[in-house]
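Asks: Now for the letters of each chain:
Number of protein chains: 2
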Amino acid sequence: MADMGRAARAAARVLAAAPTAQKADAVRRAAGHIRAAKADILAANAADVADGVANGLTPALIDRLTLTPARIEAMAAGLETVAGLPDPVGEIIKQWRQPNGLDFQRVRVPLGVIGIIYESRPNVTADAGALCLMAGNACILRGGSEALRSARAIHAAMVQGIVAAGLPANTVQLVQSADRALVGAMLAAEGLIDILVPRGGKGLVARVQQEARVPVLAHLDGLCHVYIDAAADPVKARAIALNAKMRRTGICGAMETLLIDRAALALAPAILADLLDAGCAVRVAPELLGLDPRLTPATPEDWDSEYLDAILSVAVVAGVEGAMAHIAAHGSHHTDSIVTENKATAEAFLAGVDSAIVLHNASTQFADGGEFGFGAEIGISTGRLHARGPVALEGLTTYKYVVRGNGQVRPS
Amino acid sequence: MADMGRAARAAARVLAAAPTAQKADAVRRAAGHIRAAKADILAANAADVADGVANGLTPALIDRLTLTPARIEAMAAGLETVAGLPDPVGEIIKQWRQPNGLDFQRVRVPLGVIGIIYESRPNVTADAGALCLMAGNACILRGGSEALRSARAIHAAMVQGIVAAGLPANTVQLVQSADRALVGAMLAAEGLIDILVPRGGKGLVARVQQEARVPVLAHLDGLCHVYIDAAADPVKARAIALNAKMRRTGICGAMETLLIDRAALALAPAILADLLDAGCAVRVAPELLGLDPRLTPATPEDWDSEYLDAILSVAVVAGVEGAMAHIAAHGSHHTDSIVTENKATAEAFLAGVDSAIVLHNASTQFADGGEFGFGAEIGISTGRLHARGPVALEGLTTYKYVVRGNGQVRPS
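Protein chains in written order, with this note's numbering: chain P, 1 to 412; chain W, 1 to 412.
FYI, nobody ran anything at the bench for these hints, they're computed from the structure. Cβ coordinates follow ideal geometry from the N, Cα and C atoms, glycine included. It is possible that some hints are incorrect.
Derived pair list, reagent style EDC-like, types lysine to aspartate or glutamate, alpha-carbon separation capped at 20 Å [unchecked claim]:
#1 K94(P) to D87(W)
#2 K236(W) to D304(P)
#3 K94(W) to E394(P)
Residues from chain W that keep clear of chain P, each with C-beta distances beyond 12 Å, as calculated [stated by the list, open to error]:
#4 A74
#5 G78
#6 E146
#7 A185
#8 A230
#9 D233
#10 H360
#11 D368
Here's a subset of chain P near chain W, in silico, CB distances under 10 Å, partners left out [as the list claims (entries may be wrong)]:
#12 R121
#13 N123
#14 D179
#15 L182
#16 A185
#17 W303
#18 A351
#19 D354
#20 I357
#21 L359
#22 T398
#23 K400
#24 R404
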């Protein structure tokens with residue numbers, strides 16, 4: 001790991017000075033080499049999948065692991081999207097002149113060396129590597145052991161493209177061994193790795209957050225709420241509640257708890273019927289239990305549960321203040337939405353809820369870098385430092401101060 | 001510590017919503033109460049100083065610990081400066097609309113709860129507390145045990161002002177015990193404290209960085225360089241080298257190593273004579289040793305030494321590339337300066353040196369939030385995440401995304 005770290009640091013110095021066109025060229029060439037290596041990648045992946053089946057991986061994990069020609073094409077097209085994103089490096093964030101004539105600029109620069117620890121999705125090898133590169137960073141990738149052959153094949157193709165564009169081969173490094181001790185070495189790589197990004201399930205992210213000596217950009221839970229206010233438009237309320245829960249139940253932006261204003265209980269039967277009809281299990285507060293025989297009672301644990309499944313808890317709250325108190329007590333600072341036609345109530349919620357993303361009259365399922373217009377994302381941060389919410393190229397940068405003078409010295 | 005953390009979190013929720021005028025009023029009233037409590041503060045400080053003398057503290061530490069009427073007035077005036085700073089909270093950093101009609105804003109919000117761990121300077125109690133408050137944060141202060149009575153008296157006065165302005169008494173909390181286990185509790189206070197800011201010597205900062213489970217905003221070393229290029233103006237080179245080293249030798253922005261271009265050795269005699277005449281011990285590379293009998297040879301350890309004293313190491317390098325290689329090998333990513341009249345060389349240095357602050361034709365002693373026009377600073381960060389360089393109010397904030405819609409749901 002020390003050798004990889006030093007190689008990454010050397011590559012990072014070259015990348016920090018690389019022009020946008022060269023970085024984009026490297027990512028586009030990587031896409032081309034991935035397309036050209038399709039047969040190799042599929043063969044490597046078939047071996048991973050065969051082992052996975054033999055080792056009893058669940059069908060869901062096998063699906064995540066499996067590549068198809070269409071998935072490889074999507075991976076390559078994703079790289080081309082990244083290559084077309086605006087380059088954050090070199091942006092002059094602020095500039096000003098002090099009375100002594102010194103000119104100050106705050107200029108965006110790459111973070112340096114980024115460590116990515118992920119699980120069985122082979123496409124992370126390509127898209128995380130490309131995002132780091134476009135933001136001028138070197139990276140060290142450590143994928144799941146069950147996808148190692150796939151990752152190796154994808155990585156080898158990417159490196160061909162990177163080298164063809166004149167950038168260092170060590171721009172994107174892959175940990176080539178399945179030895180779990182190497183994850184520990186990454187977590188402890190202070191000074192070698194500037195930031196770690198875990199991408200995967202709760203177990204992985206929690207381990208990284210607990211053990212890492214290197215700063216971590218991570219989100220643990222997406223315990224997202226939709227609050228239906230007394231002044232909600234009934235049509236919007238039904239559409240948003242149904243979409244926030246059921247469009248995709250397994251993503252971090254999916255609603256897990258619906259909060260209904262005590263003064264909006266008249267809206268509850270239609271909203272809950274929509275959800276039940278769509279196949280959602282709905283666990284409700286006592287006030288709602290009689291509305292439909294398919295409803296079951298919620299327990300206190302439900303308010304703290306991220307189901308990531310077709311299950312919903314529903315609480316009754318006393319207005320927007322009650323909703324904000326429930327979210328402060330049980331939320332995960334990820335994404336929360338209010339449905340109301342009352343502007344003042346909406347602004348109170350948007351200001352008062354301490355989450356990375358707060359929405360008014362929109363589904364929580366918009367919590368996604370693509371929907372924000374970022375083109376891609378490396379993750380959604382629920383931490384408070386450095387970057388919050390969907391993290392794209394800009395979140396993979398830092399800044400420095402450039403000060404230009406004409407011989408100024410500081411008076412004593 | 002858990003009780004203090006919960007109290008701070010509750011106060012932070014009030015502060016996050018407090019208008020600028022109320023926060024400024026609280027800080028101004030705190031200044032007034034500090035002035036009014038001058039006699040109490042001086043008495044408490046006299047007791048701390050008497051104990052310090054009895055316990056054999058060095059004269060330098062006793063000087064740092066000692067308050068005078070003038071220092072108390074400076075403390076109060078410093079708070080009034082902070083009260084007049086622009087409020088970063090609520091700033092709309094970016095806003096845009098997506099094609100589906102969703103309006104996005106990235107809005108600056110407070111960080112939450114900030115822990116400050118410091119040593120014997122009593123004024124940190126006032127200025128760190130005020131900076132946290134103005135940025136909308138609650139804070140927990142833990143000063144050095146040798147200054148505990150002084151800190152208590154200052155803190156009591158501040159709280160009177162804060163409460164008089166209608167803000168929670170727990171806005172600024174002081175750890176009232178000298179028990180060192182409480183520092184450990186702060187370092188482990190994940191979820192209670194959002195960020196720790198150690199302010200003090202290397203030993204303190206290193207302990208906090210090594211042991212903290214909470215993110216740390218800190219700088220360890222200021223191993224700052226000035227590079228004199230072949231194209232340097234001789235007058236500027238002499239003035240900047242002398243000022244960067246000798247204006248104040250004990251601050252983190254003081255030059256520790258002077259780098260002289262091999263093609264600029266003709267400038268060396270005058271530059272080194274200025275420094276020697278000013279009382280600086282100068283340790284030089286072999287090429288320079290014959291220039292003056294007062295020069296002594298530098299050892300390899302000198303290139304990695306932060307003297308914080310009237311001592312300087314001087315290396316000879318091969319042009320700007322040699323200077324950048326020396327800084328990459330030995331620098332601390334704090335502040336480095338180039339002296340040259342060649343614009344292209346200057347830009348190569350400004351782009352290529354990976355430090356929080358890079359200067360052209362100016363003294364490294366400008367590395368200070370006040371000189372940047374920030375009005376105040378909580379520290380100078382040499383880390384790469386969240387905030388870099390002088391950290392003022394803006395560095396004590398984060399952001400959230402506010403999304404306003406009209407019933408949008410995400411298509412599948």
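Asks: Now, for every hint given, state plainly whether the structure supports it.
Replies: Here's how the hints hold up against the structure:
| no. | hint | result |
| --- | --- | --- |
| 1 | K94(P) to D87(W) | 17 Å, holds |
| 2 | K236(W) to D304(P) | 64 Å, violated |
| 3 | K94(W) to E394(P) | 13 Å, holds |
| 4 | A74 | 17 Å, holds |
| 5 | G78 | 19 Å, holds |
| 6 | E146 | 29 Å, holds |
| 7 | A185 | 18 Å, holds |
| 8 | A230 | 17 Å, holds |
| 9 | D233 | 7 Å, violated |
| 10 | H360 | 5 Å, violated |
| 11 | D368 | 8 Å, violated |
| 12 | R121 | 20 Å, violated |
| 13 | N123 | 20 Å, violated |
| 14 | D179 | 26 Å, violated |
| 15 | L182 | 23 Å, violated |
| 16 | A185 | 18 Å, violated |
| 17 | W303 | 18 Å, violated |
| 18 | A351 | 7 Å, holds |
| 19 | D354 | 7 Å, holds |
| 20 | I357 | 5 Å, holds |
| 21 | L359 | 4 Å, holds |
| 22 | T398 | 5 Å, holds |
| 23 | K400 | 6 Å, holds |
| 24 | R404 | 5 Å, holds |
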